[in-house]
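Following the hints, complete the assembly by docking chain Z onto the known chain L.
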Amino acid sequence: GAVVSQHPSWVICKSGTSVKIECRSLDFQATTMFWYRQFPKQSLMLMATSNEGSKATYEQGVEKDKFLINHASLTLSTLTVTSAHPEDSSFYICSARFERSPYEQYFGPGTRLTVT
Amino acid sequence: KQEVTQIPAALSVPEGENLVLNCSFTDSAIYNLQWFRQDPGKGLTSLLLIQSSQREQTSGRLNASLDKSSGRSTLYIAASQPGDSATYLCAVRELTTTTSGTYKYIFGTGTRLKVLA
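If you're matching them up, the sequences are chains L and Z in order. Heads up, the first sequence is in the working numbering, so the first residue is 4 and it goes up one at a time. Heads up, the second sequence is in the working numbering, so the first residue is 54 and it goes up one at a time.
Hints were generated in silico from the structure; no laboratory data involved. Mixed in with the good hints, there may be bad ones.
Pairs of lysine-lysine, DSSO-like flavour, derived with a Cα cap of 27 Å [to be verified]: (1) 67(L) with 17(L); (2) 44(L) with 54(Z); (3) 44(L) with 157(Z); (4) 157(Z) with 54(Z); (5) 23(L) with 95(Z); (6) 157(Z) with 121(Z); (7) 157(Z) with 69(L); (8) 44(L) with 69(L); (9) 58(L) with 167(Z); (10) 54(Z) with 121(Z); (11) 58(L) with 23(L); (12) 95(Z) with 44(L); (13) 95(Z) with 17(L); (14) 157(Z) with 95(Z); (15) 69(L) with 95(Z); (16) 17(L) with 69(L); (17) 58(L) with 69(L); (18) 23(L) with 157(Z); (19) 69(L) with 23(L); (20) 17(L) with 44(L); (21) 121(Z) with 23(L); (22) 54(Z) with 67(L); (23) 167(Z) with 54(Z); (24) 121(Z) with 58(L); (25) 67(L) with 23(L); (26) 23(L) with 44(L); (27) 95(Z) with 67(L); (28) 67(L) with 157(Z); (29) 54(Z) with 69(L); (30) 67(L) with 44(L).
Short derived list, chain Z residues pointing at chain L, Cβ under 10 Å [stated by the list, open to error]: (31) 62; (32) 64; (33) 167.
Even glycine gets a Cβ: it sits at the ideal position worked out from N, Cα and C.
Just chain Z, with the same shape it has in the complex:
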């Protein structure tokens, strides 16, 4: 059974600092991995999606890497800003489909980030 864990659970950093969020998964047979941002009381915003054949994806100040063999992904945020404060979730899409022919995303526990001005 796939399990997704994120470390740390919470992180507080001063503005301008570079930081790394970690995501680990127990089963390397994944289709892709996606990083999301969730603001308090809000839905999810997709940040980056990495296919299983890819090693990394970049968007602006964000860089996500994927090491499928070791079951790890990292989200690197450069020059953090107070507006980056949110909960960051990673999710893996399983390789196999369900009996109904669809697939499942398994979500991590999230990292609550606070960037101090």
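Just chain L, with the same shape it has in the complex:
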């Protein structure tokens, strides 16, 4: 199946700094990528949807100025958490879909962010 990678897998940062998380589709071109957030023992919550070359669509309640998403190419999307605070500590997972398999999303392994 299709492979999606995320980098880094784990990051610790100080409060007030910004952190960038990368999501790459390794063997296919991802026309759409999704970013999810997961708190401990809770389900995944969709944060935003990004289409290559256009602005991301954010879900209600998600601050677009805080969570900057850039889908610059068909294989790369980035999520930047700006001015991170401890409450931003979470598990962030991306997923991708491509035209040849419109029914499925392929998920990355996730990035655990801890803000101290």
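Only chain Z this time, still in chain L's reference frame:
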């Protein structure tokens, strides 16, 4: 607004037992339903995907059923093994697209399964 619920939230069974995980959704207008497995601190692995026109899908010891009219899906695991221990998530893909032309998956709360050796 679509809501997806999974029961039970946690389950502990002895090795070899057959078990059923439940997923219910409030809006039957779905495109498909997918079952995932998530190991601690890891991403999601797709197990089975059922299109809205299908009733069930099977893969090895796993069988997933879908009853769209009643808003229910079940994941049946036969002859459970300790390696099956994980959190199982179901997700429904909404029928309608967003204003940007994409679709959304709504995830359930998950069932944490522990299979005891």
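Status of the hints after comparison with the structure:
no. : hint               : result
1   : 67(L) with 17(L)   : 21 Å, holds
2   : 44(L) with 54(Z)   : 22 Å, holds
3   : 44(L) with 157(Z)  : 21 Å, holds
4   : 157(Z) with 54(Z)  : 12 Å, holds
5   : 23(L) with 95(Z)   : 19 Å, holds
6   : 157(Z) with 121(Z) : 18 Å, holds
7   : 157(Z) with 69(L)  : 22 Å, holds
8   : 44(L) with 69(L)   : 24 Å, holds
9   : 58(L) with 167(Z)  : 42 Å, violated
10  : 54(Z) with 121(Z)  : 16 Å, holds
11  : 58(L) with 23(L)   : 17 Å, holds
12  : 95(Z) with 44(L)   : 13 Å, holds
13  : 95(Z) with 17(L)   : 23 Å, holds
14  : 157(Z) with 95(Z)  : 21 Å, holds
15  : 69(L) with 95(Z)   : 24 Å, holds
16  : 17(L) with 69(L)   : 16 Å, holds
17  : 58(L) with 69(L)   : 15 Å, holds
18  : 23(L) with 157(Z)  : 24 Å, holds
19  : 69(L) with 23(L)   : 12 Å, holds
20  : 17(L) with 44(L)   : 24 Å, holds
21  : 121(Z) with 23(L)  : 40 Å, violated
22  : 54(Z) with 67(L)   : 22 Å, holds
23  : 167(Z) with 54(Z)  : 32 Å, violated
24  : 121(Z) with 58(L)  : 34 Å, violated
25  : 67(L) with 23(L)   : 14 Å, holds
26  : 23(L) with 44(L)   : 24 Å, holds
27  : 95(Z) with 67(L)   : 26 Å, holds
28  : 67(L) with 157(Z)  : 18 Å, holds
29  : 54(Z) with 69(L)   : 26 Å, holds
30  : 67(L) with 44(L)   : 25 Å, holds
31  : 62                 : 9 Å, holds
32  : 64                 : 14 Å, violated
33  : 167                : 14 Å, violated
In the structure shown, a violation is registered for the earlier hints numbered 9, 21, 23, 24, 32, 33, in ascending order.
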